[in-house]
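As given, the protein sequences belong to chains A and B, one line each in that order. Each residue of the first sequence is one higher than the one before, starting from 1 at the first, in this note's numbering. Each residue of the second sequence is one higher than the one before, starting from 1 at the first, in this note's numbering.
Don't read these hints as lab results, they were simulated from the structure. There's no promise every hint is true.
[Said to hold, decoys possible] Straight-line distance between alpha carbons at most 25 angstroms, and here's what the computed DSS-like set of lysine-lysine pairs gives: (1) K543/A - K457/B; (2) K249/B - K543/A; (3) K110/B - K259/B; (4) K392/B - K373/B.
[Claimed, not checked] Cβ pair distances, simulated, as ranges: (5) L476/B - A524/A: 46 to 56 angstroms; (6) S321/A - R181/B: 37 to 47 angstroms; (7) V60/B - T40/A: 39 to 49 angstroms; (8) D506/B - D498/A: 35 to 45 angstroms.
[To be verified] Selected chain A positions facing chain B (in silico; Cβ < 10 angstroms): (9) I46; (10) D288; (11) D344; (12) I349; (13) D450; (14) D462; (15) V489; (16) R541.
Just so you know, even glycine gets a beta-carbon here, dropped at the ideal spot from N, CA and C.
Protein chains: 2
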Amino acid sequence: MSGSLRILPLGGLGEIGKNMMVVEYDGRIVIVDTGLMFPTAEMLGIDLVLPDFDYLRGRVGDIEAIVLTHGHEDHVGALPYVIREIGAPPAIYGGRLTIGMVRSKLEEHKLRDMPLRDLEPGMPVEAGKFGIELVHMSHSIPDACAVALTTPLGTILVTGDYKFDQTPVDGRPADFARLARLGDEGLLCLCGDSTNADRPGVAMSEASVGPALLETFSRCDGRIIVTCFASNVHRVQQVVDAAEVLGRKVALVGRSMRKNFNIASNLGIASAPEGLLIQPREIEDYPDEEVIAISTGSQGEPLSALRRMAHGEHRDVELHSGDTVVFSATPVPGNERSVNETVDRIFEIGARVITAADAPIHASGHGYQEDMKLMLNLTRPRYVMPVHGDFKRIRLHALLAESVGVEPERIFRTRNGVPLEIGADGARLGEDVGAGMIFVDGLELGEPDDAALRDRKTLSADGLVIVVATVSLEDLEVAADPEITFRGVPMQSGEDSDRLIDELADVVEDKLEDVLQGHAREPALIRQEIHDAVATFVYKRLKRRPMVLPVVIEV
Amino acid sequence: MSGSLRILPLGGLGEIGKNMMVVEYDGRIVIVDTGLMFPTAEMLGIDLVLPDFDYLRGRVGDIEAIVLTHGHEDHVGALPYVIREIGAPPAIYGGRLTIGMVRSKLEEHKLRDMPLRDLEPGMPVEAGKFGIELVHMSHSIPDACAVALTTPLGTILVTGDYKFDQTPVDGRPADFARLARLGDEGLLCLCGDSTNADRPGVAMSEASVGPALLETFSRCDGRIIVTCFASNVHRVQQVVDAAEVLGRKVALVGRSMRKNFNIASNLGIASAPEGLLIQPREIEDYPDEEVIAISTGSQGEPLSALRRMAHGEHRDVELHSGDTVVFSATPVPGNERSVNETVDRIFEIGARVITAADAPIHASGHGYQEDMKLMLNLTRPRYVMPVHGDFKRIRLHALLAESVGVEPERIFRTRNGVPLEIGADGARLGEDVGAGMIFVDGLELGEPDDAALRDRKTLSADGLVIVVATVSLEDLEVAADPEITFRGVPMQSGEDSDRLIDELADVVEDKLEDVLQGHAREPALIRQEIHDAVATFVYKRLKRRPMVLPVVIEV
Chain A
1 MSGSLRILPL GGLGEIGKNM MVVEYDGRIV IVDTGLMFPT AEMLGIDLVL PDFDYLRGRV
61 GDIEAIVLTH GHEDHVGALP YVIREIGAPP AIYGGRLTIG MVRSKLEEHK LRDMPLRDLE
121 PGMPVEAGKF GIELVHMSHS IPDACAVALT TPLGTILVTG DYKFDQTPVD GRPADFARLA
181 RLGDEGLLCL CGDSTNADRP GVAMSEASVG PALLETFSRC DGRIIVTCFA SNVHRVQQVV
241 DAAEVLGRKV ALVGRSMRKN FNIASNLGIA SAPEGLLIQP REIEDYPDEE VIAISTGSQG
301 EPLSALRRMA HGEHRDVELH SGDTVVFSAT PVPGNERSVN ETVDRIFEIG ARVITAADAP
361 IHASGHGYQE DMKLMLNLTR PRYVMPVHGD FKRIRLHALL AESVGVEPER IFRTRNGVPL
421 EIGADGARLG EDVGAGMIFV DGLELGEPDD AALRDRKTLS ADGLVIVVAT VSLEDLEVAA
481 DPEITFRGVP MQSGEDSDRL IDELADVVED KLEDVLQGHA REPALIRQEI HDAVATFVYK
541 RLKRRPMVLP VVIEV
Chain B
1 MSGSLRILPL GGLGEIGKNM MVVEYDGRIV IVDTGLMFPT AEMLGIDLVL PDFDYLRGRV
61 GDIEAIVLTH GHEDHVGALP YVIREIGAPP AIYGGRLTIG MVRSKLEEHK LRDMPLRDLE
121 PGMPVEAGKF GIELVHMSHS IPDACAVALT TPLGTILVTG DYKFDQTPVD GRPADFARLA
181 RLGDEGLLCL CGDSTNADRP GVAMSEASVG PALLETFSRC DGRIIVTCFA SNVHRVQQVV
241 DAAEVLGRKV ALVGRSMRKN FNIASNLGIA SAPEGLLIQP REIEDYPDEE VIAISTGSQG
301 EPLSALRRMA HGEHRDVELH SGDTVVFSAT PVPGNERSVN ETVDRIFEIG ARVITAADAP
361 IHASGHGYQE DMKLMLNLTR PRYVMPVHGD FKRIRLHALL AESVGVEPER IFRTRNGVPL
421 EIGADGARLG EDVGAGMIFV DGLELGEPDD AALRDRKTLS ADGLVIVVAT VSLEDLEVAA
481 DPEITFRGVP MQSGEDSDRL IDELADVVED KLEDVLQGHA REPALIRQEI HDAVATFVYK
541 RLKRRPMVLP VVIEV
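Just chain A, same shape as in the assembly (with noise of 0.2 angstroms):
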């Protein structure tokens, strides 16, 4: 009952402990989810987002164990980063298919004979001083579990992404008694989703959407195209399920939805009766009333499949009047304009359109209020920290506990870099470490305020102007015309700006001429001046701030 402990939320974009939640006791660490997001419209060129690992540099002889929640992109998409950042553990474990799509994962980056761990739930492992156990939960994905680190100061229960669902699809409800347990040995914190904490009532069984598919489907004549998250492999069998039932052939349409439906079928967890799955390359042999096809995109997602056909660029697919396309799904936050857009491309082909909104077709995977304070009855935890949302949610999560009688002061509202540290004597928030986002720009990674970032969002507001001049720096003399070159920049075409840049060259000679007469050598100054003149000239003409890049050539 000695030592002390921290756990440090981290994350990218706002969710608190999103992504990633580092847990350390006297000095050793155990990490659950090693996650990712992606990049916002401002974000221009970025690839992903990292939580900010920055606090594990150097530390990897510290780590004993990485614990991944479930298969999320946003719960495991950072493992190749970290691993190649930070080093490799000791142990990565997860529940099956989250190692599954994890090796598969981890091949594409080249990164072979990791550690990886299949951990059944209920069968804890030591790992140092922790002890590490999955508890089984349902989630959007099957395989998602919480996870109970144990400590000799006492038991944290990271939930992960969590509903309690009543009616699951594969039969297998969260372990409500381990749980009630965890709360009968006294849990000491909970760390809890808080994703819908804005939602009253109970979060939807998703045993309830098969039934609305079918129902859905069965008013269909023509040809069906449904689009879900490709790892909403309970969803995707449900959609097989419902074929089955009405004598459709099913497609798999999309490279993540192929890959994902593989893996659950080699592990048992997703399954199609023979013949019934078709290539997306057959689909136009087949009379239009007897097929489905299963397609990604349902986030309007820029390559997707379902994008692709929406715009008629698919080489299998081709929607025309008569198709139905069913969202098996509903936009995540920040995606509703291209989700729109897709909607809008299909209606415009003449197909069908059918949302959660016209029929009850989506589940979330997040529990809601009640399944929120369920978790804290069941679990009776002596500290709370809620996680995975916004500054909203987070405190929304935090008047939750509170009806449900923990008391105010036992409830840690933080933010990603801020831990929670936890003594003998007591919990309190521990100073900040820091943590903001790591940006992968291409092949490297960045802070946000990387110049390489801030260059591009400079040249995409408003351009570029390059100006090159040659000097005899030994005559001190212009020994060429300037060059002028516009990219970028809002300009009337023609003589127009044929003037304009006539001007401007004369602009850069006086300007150059000017210099050299008070006989400047040091071409960083002669550099320097020549962007003033030129951007002030620039800006008074055309209004606009373009970066002005002089190059000075000395002959």
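With chain A fixed as given, assemble chain B onto it according to the hints.
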């Protein structure tokens, strides 16, 4: 009863006929509305999006009048550009508030002495062979009107944005009688608003918002900040009225909030009791429980007053816990992320947020399905042309028209640039006049596939490399080391990047010697060769495709 009629819908960003309708009879033109749209995040650095009014170029002499239905930007904002590019028409008609707002807008654009004319609803004027009459309607801005255009072939009704509010705040409901008489007289064509064609039932009355706001405010102990559209004068008035009841002072925060209230007050459309209004800078002089601020920023707009407050950057208002921020508006599609971000910043500060999801404190300005059916049944048009919506809503509006008995062959679903043509012998869709969008890019108007924007997209995604090669074309040799500059390209700093630049310089020098030994003297050819060599090398090393700009200096 001869001649022919064209009704040409124009608009930006996929909403059909949203911003501009060109009505042409025997070569003479009346334009209904001249609005604009705001750019999406992908339109890098674009300031505004205008409907493509190229059809009108060179035809200013054919234009009889511009008629404005109401003062929202998406219906009047393009007027300065239309006047500048096409020319001023003989008359610009609109209701009093509309003309008041437009006068102030034109003055900002230094367009004075324009033929602006208040037109009283129900009082028709002649414009060549057209009769023009405004019909009073309800919307989320006072003084919204439909436009009845009478031609020798019959009358067209362009509804503008509308709903049927049975209990409007100003006591003046839509002119049901006039709409019914238009039906009695035999309406030729209805061009009707489709915005809420996906919502069943009847739109909420604006008057229902006031009591809900009062109820919400009365439960607030601290300071109240309400945000809504500045042009929603009746909403602002209802906040002012509630403040008076509660004995709170009112501060109007944000330039457009003050401007619109002033214009409306001068026209007798809005009013506040003596002494109720205070200046934003006086807010901190009053106890929190005695103030209501009404602020711009309900859409999370970057420079708006509320967004500044949420980021702790507003000069006059510093948000703190105890404050309540009331969103009396819903996000316009596409603004969800910026609104969510603003809300979450406010939660982070610790202030309370109340939105239309928590209380009925917002009413849409657009009619729902029952309003649209009522419009159809009142006016009983021969032809129906749904406008103001994407393909989805246009289709749903068409289905509503069918549901009230309009034969499908009298309903015309069109798109921007495709006119409805009506002659004595019937109606049909005409040839596409090819209307896209016009982008306002700084001081220039351009096409969406404009080279400047295309360049900015490349620059924003991958940055650029500038290579300056100095050659002597007389001696056919390299005259100086190549100068290489990267901007916006993700690279490791320090040695690695220095080495990369050295290697790239070698690549360029080798290529130059190669080309010059082949006796190439054509700078364009030399540039092309350098470009290709650099692009290939950079992609191989960095997996990026930056813009490559080679500059060849001859000495």
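Hint-by-hint comparison with the structure:
no.	hint	verdict
1	K543/A - K457/B	holds, 20 angstroms
2	K249/B - K543/A	violated, 41 angstroms
3	K110/B - K259/B	holds, 18 angstroms
4	K392/B - K373/B	holds, 17 angstroms
5	L476/B - A524/A: 46 to 56 angstroms	violated, 32 angstroms
6	S321/A - R181/B: 37 to 47 angstroms	holds, 39 angstroms
7	V60/B - T40/A: 39 to 49 angstroms	holds, 43 angstroms
8	D506/B - D498/A: 35 to 45 angstroms	holds, 36 angstroms
9	I46	holds, 9 angstroms
10	D288	violated, 20 angstroms
11	D344	holds, 4 angstroms
12	I349	holds, 9 angstroms
13	D450	holds, 8 angstroms
14	D462	holds, 6 angstroms
15	V489	holds, 6 angstroms
16	R541	holds, 9 angstroms
Hint compliance for this structure: hints 2, 5 and 10 are broken, all remaining hints hold.
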